[in-house]
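Student: Sequence:
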Amino acid sequence: MNAQLSRLVGKVAVVTGSTSGIGETIARAFAQEGAMVVLTGRRADLGERAMEQIIDDGGQAVFVPGDLTRSETRQAVVSAAVKRFGGLDILVNNAAVASFAMTDDAGEDDFDRMVTLNYKAAYFMTQAALPHLLSGRGSKIINIGTLGAVKSWPGASVYNSSKAALESLTRTWATEYGPHGVGVNMISPGMVADAPMSQPVLARMDVDAQVLPSVPARRLCTMDDISAAALFLACADSDYLHGVRLPLDGGLTA
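When we follow my numbering, the leftmost residue of the sequence shown carries the number 888, and every step to the right adds one.
Just so you know, the hints here were simulated from the structure itself, not pulled from any lab data.
There's no promise every hint is true.
[Stated by the list, open to error] Straight-line Cα separation of at most 20 Å, SDA-like style, residue types lysine to any residue; simulated pairs:
1. K1038 <-> R1106
2. K1007 <-> R957
3. K1038 <-> L1135
4. K1038 <-> R1024
5. K1007 <-> R1058
6. K1038 <-> R957
7. K1007 <-> R1024
8. K1038 <-> R1132
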């Protein structure tokens, strides 16, 4: 294997919400760098396809279907990592759901759905993984947040606040588990040009006229930008980073 494509050889990674979009892009990037990857998601057809693509490309992967808001699914994910690959070194809390409405029009069901998956499921997925992450093998937890947690916009109060809560967890977990060799950090992208979740928002605006003039990089974030950042945070190059929120916003908040 090319030395430049071997930063995660021997590592076992769980990437939640990895049947498509950002999670799948991260999982494929990890596998290309030598990681053994556990994919999760509700759509068995998409999960099997993503797993087979990694295997066809020469990587190692297993897919665990299910709803991460359920304890039995989280335990099954951890068990798959340990039984299939011998441990767990990297956890990427990526699974999320979003819907957008002004606060006076927001529904309680949507609120519960976002908070339960975006925050609660990430909390208890991490709890389930910690006995193995604390094994002393240089483990990493990477939370996927949003720029909206610090630079908000109308109609995203629930989604943004659920990710702001995850950012707070990132800092807390860094203080709790950094002393035990676990690096905990967050990636906070702005709008992602090619992510499925971003398309309803992007479709309602003129990106060139309304967004890019405020972005020094003059382009939106891409899923490849996020996977590159995740690789950095997952490998030994980032071992001294703890509790960091890494903004992928092209300089928007500079």
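Student: I'd like to know which numbered hints this structure contradicts. Please list them from smallest to largest.
Tutor: Result: hints 4, 6 and 7 break, sorted rising.
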